[in-house]
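Now for the letters of each chain:
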Amino acid sequence: MENIYRPYVMEVIKRKEEAPMVVTLRLKFKEKKDEERFSFQTGQFAEYGLLGEGECTFCLASSPTQFARDKYIECTFRIVGKVTSALGRLDVGETIGVRAPYGAHFPIESWKGKKIIFATGGIALPPIRSVIWNLLDRKNEFGQISIIYGAKTVADLVYKDEIKQWEDMSGVTMISTVDPGGETPGWQGKIGYFPTIMKEHLAKIVADGGNIDDIIFVICGPPVVIKITLDILDSFKVNNDAIFTTLENRMKCGFGKCGRCNVGEVYVCKDGPVFTATQIKQMLPDF
Amino acid sequence: MTITASFYKITKSSLATLFAEQKQKGNTIIDLSGNGSDLSKSCKALFFPATEKVLEYKIVDKGVAEVKPDNFNDETKAVNRFIFGANICDAYALKVVGPVFGEGPVDRFFINKREATIVAAILCDNKKNACFCDQIIPRSDYSNAADLVFTEFDENSWAVRSNNNRSIDFFGNGFLHFIEDNTLKELFDKKEEKLFNSENPEEINYFPKLEALKKFIEKNFNSEIFNDASMNCIGCATCTYSCPTCHCFDIVDEKKYYNGERRKNWDSCAFSLFTLHASGHNPREYQGQRWRQRLLHKFSIYKDRFDKIACVGCGRCIRLCPAGVNMLEMFEKWKISIDHM
Amino acid sequence: MKTIEQQKAEIVHLFEQKKISMVVAFENYRGIVRPVFVKDIKDVEKISFDMSGKQNLATYLKRAEIKKQFPLAMVVRPTEKSSIALLIKENQLKVEDVLLIESMVSQDQIEWKKAQDIEIDRLWKMSFSERMDFWKKNFQNCIRCYACRQSCPHCYCQYCKADKNQPTWVERSAHLQGNFSWNFLRAFHQAGRCIECGACENACPANIPLMLLNRMQNKITAESFGESDPKKYLLSDWSKDDDNSFFL
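Protein chains in written order, with the working numbering: chain A, 1 to 287; chain B, 288 to 628; chain C, 629 to 876.
Don't read these hints as lab results, they were simulated from the structure. Predicted, not measured: the structure shown is a model, and the values here were computed from it. We put the CB at the ideal spot given by N, CA and C, even for glycine. Careful: at least some of the hints might be erroneous.
[Claimed, not checked] Covered by chain A, per the in silico footprint, the following chain B stretches (three or more residues, Cβ under 8 Å):
{"no.": "1", "stretch": "338 to 345"}
{"no.": "2", "stretch": "356 to 369"}
{"no.": "3", "stretch": "384 to 397"}
{"no.": "4", "stretch": "555 to 566"}
{"no.": "5", "stretch": "577 to 585"}
[To be verified] The following residues of chain A were derived to be distant from chain C, with all beta-carbon distances above 12 Å:
{"no.": "6", "residue": "R15"}
{"no.": "7", "residue": "M21"}
{"no.": "8", "residue": "E36"}
{"no.": "9", "residue": "E53"}
{"no.": "10", "residue": "Y72"}
{"no.": "11", "residue": "S110"}
{"no.": "12", "residue": "M174"}
{"no.": "13", "residue": "A203"}
{"no.": "14", "residue": "D214"}
{"no.": "15", "residue": "L230"}
[Stated by the list, open to error] Computed cross-link-like contacts, DSS-like style, restricted to lysine-lysine with a CA-CA straight-line distance of at most 30 Å:
{"no.": "16", "chain 1": "A", "residue 1": "K139", "chain 2": "A", "residue 2": "K71"}
{"no.": "17", "chain 1": "B", "residue 1": "K496", "chain 2": "A", "residue 2": "K82"}
{"no.": "18", "chain 1": "A", "residue 1": "K270", "chain 2": "B", "residue 2": "K496"}
{"no.": "19", "chain 1": "B", "residue 1": "K506", "chain 2": "A", "residue 2": "K227"}
{"no.": "20", "chain 1": "A", "residue 1": "K237", "chain 2": "B", "residue 2": "K506"}
{"no.": "21", "chain 1": "A", "residue 1": "K270", "chain 2": "B", "residue 2": "K382"}
{"no.": "22", "chain 1": "C", "residue 1": "K674", "chain 2": "B", "residue 2": "K415"}
{"no.": "23", "chain 1": "A", "residue 1": "K82", "chain 2": "C", "residue 2": "K789"}
{"no.": "24", "chain 1": "B", "residue 1": "K585", "chain 2": "A", "residue 2": "K281"}
{"no.": "25", "chain 1": "C", "residue 1": "K792", "chain 2": "B", "residue 2": "K622"}
{"no.": "26", "chain 1": "B", "residue 1": "K542", "chain 2": "A", "residue 2": "K82"}
{"no.": "27", "chain 1": "C", "residue 1": "K792", "chain 2": "B", "residue 2": "K340"}
{"no.": "28", "chain 1": "A", "residue 1": "K82", "chain 2": "B", "residue 2": "K345"}
{"no.": "29", "chain 1": "B", "residue 1": "K496", "chain 2": "B", "residue 2": "K585"}
{"no.": "30", "chain 1": "A", "residue 1": "K14", "chain 2": "B", "residue 2": "K355"}
Make a model of the complete structure from these sequences and hints.
Below, the structure written as structure tokens:
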């Protein structure tokens, strides 16, 4: 019988600084048997912990298709406190404990044949990136994919290499933007907050005669920004069941026992973190 | 589901002998019937301790760590612990809070202890200050809240109701000291009725209908009423820690050089840091919001998820609160609005 | 000393003149004396002036929701007055934030302190290991509810050292080591500041005799460094003439 608090022991095989104070770690299982029995779906999260420091909740930032191919998972986080500082100092070869996978996943099977628009900003790209690569690995099953991603400054954009890859892919529209004042002299992308850029993009689609009902929206960001974005999508009369987001809240156990992450009657770790806009609007304003 | 109970009589001295025998065998007898503090009588800490080690590790080399315990033994645990003298409400609380740990991924730390323990309650003669168990616990559950229920037959002996066969296996031959006597059922019915109907010293005989309470809290989610009602609250964790059904916990790591442990500790939604995000955002910044969460979780959310409310009417939150906060009084103050829902 | 009627009239007058929006006082609710927050003239009747409440009302002055109501009035005993004097001295409160309405001292407090003196003497006569066992037995029961900290007006740090994790000064777990660390940390931070009101011991649900610890702490610091008073608090005042003999 399992000890549910016991993490998988994993090893850091790559460390990258994506942006100031933002680190990506690539992890591999130490035990073959753990690797063999592990699987997850896009949108789920994990508790990454350093033995002796504590645990932190981040998404699984790499896609399940990537795991199936190369047997590693990745996490991206900003260094803000005790545990993230310690995780951010980890070097290749060091040990980390991971409890995973937890939470509900994005129902990508129901998106087949549709166009997808991703709109996110800053450190909210990691959970979305898992979905993006999952879809791109099965590109012929889905329609045109648009990614609208903004950050405070050019330096704060994460996954800069992958943004370039997405820019060059066919079937993918990549729009990067930075907040007004965050541009560098050579900046070629847009300038503006990502909800505004998404609004412009949508307006253009409508003007060109595109059908909004054909599109699935995936948005992610801090609670305030999610609310603003939902309002914008409402103004375009987008069906709330076609809008997906991933919420975050203070979490500890990850499996619905410690009583910390509830938003009203919804446990973000068990019923979420993936929610549709319909579900968000029914929630009590407890986040 | 009707539970067939059996009724016995046992002398107090025989029981003491049985306890001594069990201790000799290496089993644990916990006697709560003496003068324990109100806090310790809620046997929550015997199943879900205030701090519990869930993992220990040793960093052996760079990239290599030994982590224990890996897993738990698959064999069913034999009973090795007997709790004597719990209250009916506290025994019932174990049934209420059990599903949190027993459903979903099973928390073996709690469930193993529960499976290895027999709980013997002693029927209270009367309600004491702030008790309101009759408002919460269904009358039929007074009888089968615990594995065994004791009540005094006379100065020298106990009348015992046994709700299952666990004690027979535990005491083995010693169980012969329990003399079967099914006429005792009447005594239990009478005493349970007396306890159930006894005057509620709290003097507040109002407990809202749950559906109405839920609507009331949701309708007034952002209103000032929660701040006003919880002004006295100083934000300690006394009510939550003394409550036999409160189960929120924290997971912390403690280390000394290369060794360390991961612990599961009691935590409370009453603390201001409970929901603080790393970004600095706190959805429940004010005590009123945290009080709203307490009421919503106990009387609405818990019922939706686990079919029972997270309360047994023991009254400890009212008795032990250092600032005089009284949940029943809050409900009474809002009675007219709640009943209108 | 004013009569109860005079004091109630004074409070009503303050409300009418819109000088305050709230009065913090004690009320008697079904035999229990507990704090009450009166925001309306019609509720002034609730206020009980017997002041035998076991809480220190000044502890509410650190709460954000109460600070929003400044200036407010408070019905005080010498207990609350001492705490307020300390808070003003330590720059946590301004004189004009709280209007004091004086009330009688409860006799209970004086009896309680006498009983404790006997216990402190007994502790003082114990050997070191006996005293250690005494505190071990008590701290075993501590559940880290922080009722002691929350009920104390002098524990006003926005982020208590016990809650910090960069670094972890005090282990959060309720094991003996963590409990010793926490209780001693608090006692040390109260050295020379504790006004011995007993609110912490009354609040403790595990019946730990916290006042023995705090009073012993005060006694020792007074012997070593002199008595604290509003003009010179041990931990918040410094002068060149202070004893430096223990510096290495």
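Exercise. K506/B and K227/A: Cα distance at most 30 Å?
Worked result: holds (20 Å)
For this session: Classify the label on A203/A as holds or violated, using whether its beta-carbon is more than 12 Å from each beta-carbon of chain C.
Result: holds (43 Å)
Exercise. Taking 30 Å as the top limit, are the C-alpha atoms of K139/A and K71/A close enough?
Worked result: Between K139/A and K71/A the Cα gap is close to 21 Å, so the pair holds against 30 Å.
Exercise. Given as covered by chain A, does the stretch 338 to 345 of chain B meet the bar of three residues or more with CB within less than 8 Å?
Worked result: As far as the stretch 338 to 345 of chain B goes, the hint holds, because 3 residues have Cβ atoms under 8 Å from chain A.
For this session: Quickly compare the C-alpha distance for K674/C and K415/B to 30 Å and report which way the hint goes.
Result: Distance of about 26 Å is within 30 Å: holds.
For this session: Test the statement that L230/A is away from the interface with chain C: the closest C-beta pair must be farther apart than 12 Å.
Result: holds (30 Å)
For this session: Take the C-alpha atoms of K237/A and K506/B, compute the straight-line distance between them, and say whether it is at most 30 Å.
Result: Between K237/A and K506/B the Cα gap is close to 27 Å, so the pair holds against 30 Å.
Problem set entry | No chain C beta carbon within 12 Å of E53/A's | violated (9 Å)
Problem set entry | Satisfaction of hint between K789/C and K82/A, Cα-Cα up to 30 Å | holds (15 Å)
Exercise. Is the Cα-Cα distance between K14/A and K355/B 30 Å or less?
Worked result: holds (27 Å)
Problem set entry | Hint consistency between K496/B and K585/B [alpha-carbon to alpha-carbon, up to 30 Å] | With Cα atoms ~13 Å apart, K496/B and K585/B stay inside 30 Å; holds.
For this session: Against chain C, does S110/A hold up as non-interface, every C-beta pair farther apart than 12 Å?
Result: holds (42 Å)
Hint compliance for this structure: hints 9, 17 and 25 are not met, and every other hint is.
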